[in-house]
Amino acid sequence: MMDFFKVESLPDSVRDEDLDMEQLPQLLNLNGIREISWDKDATIYGPDGSYVKSGNGRLIVMTPLHKRSIPWQLPRIDLNSIAEMIRFLIKCDEGCSLFNPSPWEREGMSPGEISDKGKTKEQEKREIELEVNMLNPRIYFMNPFFVEEVQGQNFKATSHFVSLSSIMSTTIVSSKPAEISFNEGHLKVTGDNLNIIETKDWLQAKPVMRTWDLVNQTMEIDCKYRFPISIYRLQPSCVVPLKMEYNNESLWMILENFSNKPIIATFFIAGRIMEAYITNVNGDPLERLNIDYDRINIPIRRWGIIAVKIKIKALPEILLKKKATR
Numbered sequence: 447m448m449d450f451f452k453v454e455s456l457p458d459s460v461r462d463e464d465l466d467m468e469q470l471p472q473l474l475n476l477n478g479i480r481e482i483s484w485d486k487d488a489t490i491y492g493p494d495g496s497y498v499k500s501g502n503g504r505l506i507v508m509t510p511l512h513k514r515s516i517p518w519q520l521p522r523i524d525l526n527s528i529a530e531m532i533r534f535l536i537k538c539d540e541g542c543s544l545f546n547p548s549p550w551e552r553e554g555m556s557p558g559e560i561s562d563k564g565k566t567k568e569q570e571k572r573e574i575e576l577e578v579n580m581l582n583p584r585i586y587f588m589n590p591f592f593v594e595e596v597q598g599q600n601f602k603a604t605s606h607f608v609s610l611s612s613i614m615s616t617t618i619v620s621s622k623p624a625e626i627s628f629n630e631g632h633l634k635v636t637g638d639n640l641n642i643i644e645t646k647d648w649l650q651a652k653p654v655m656r657t658w659d660l661v662n663q664t665m666e667i668d669c670k671y672r673f674p675i676s677i678y679r680l681q682p683s684c685v686v687p688l689k690m691e692y693n694n695e696s697l698w699m700i701l702e703n704f705s706n707k708p709i710i711a712t713f714f715i716a717g718r719i720m721e722a723y724i725t726n727v728n729g730d731p732l733e734r735l736n737i738d739y740d741r742i743n744i745p746i747r748r749w750g751i752i753a754v755k756i757k758i759k760a761l762p763e764i765l766l767k768k769k770a771t772r
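In our numbering, the protein residues as written are 447 to 772.
By construction, these hints were calculated from the structure, which means they are not laboratory data.
Okay, derived cross-link-like pairs now, DSBU-like style, lysine-lysine, Cα gap no bigger than 30 angstroms in a straight line: (1) K537 - K670; (2) K634 - K652; (3) K689 - K768; (4) K689 - K563; (5) K767 - K755.
Construct all of the structure, not just a fragment, from the sequences and the given hints.
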């Protein structure tokens, strides 16, 4: 899978089809690229407001140049290093527990909870075919780092999810990019671990969050703790971790705001935060963040991607008890 956070994965000379990727200007900026080569003299803007220039920047261009499906696998966080962080933050007894890596509630578990609950069996539906009783709905689907919208009677895509919306909404989510076909009310989806959600509005289905859950499933961890505890949580739910990696008492995260509005995200952890920085995509500090003991507030623009690194310290047992989930 192409790593869009590495400069060698990104083009410095672009063709028209490259500009079909909505977030290309932001990804280039994150890698320090402000100028590119294209056959037009243009300033190219992405949905978050990032831009790159070609030549003198005469023409104003908005990505995507053409709306289309671009297959993309949502990144999986480093669960092994997160398990190492858990063992650093709490004193583990002998035995195994179930860990919810999601920084939000899931399957009856609190955000980032470690507990002795039994593992929920994942669904294994690989194909869903149904009549949705919508002729020309608004159709939402996932492209790299973006949720695109089109409207029509016929549609094909390869995407983690599809939401069909009119006065009601039908959403199907897959743990890997699924083959999606819609033809005048008939929907067929072929993927893995398919979930179907019926809601009044497509946003209520939280398809990006549900996709993240399918990609980062609950896991057994070699650690038993005396009471259920939430290791971390992240608010609001439109903010999704693209990377979570722990090393040497530091947690490095790349977060994206999958929303058309700027927000202030809040990250909580069952430890004391000693330092917090906004970093570049290589993890180098750029700007210090204010700390409120066990939490930080992170401003993220609409559709913005931001990297954050925090230095953490384990809490005394008496303070950890206050973070028990029940």
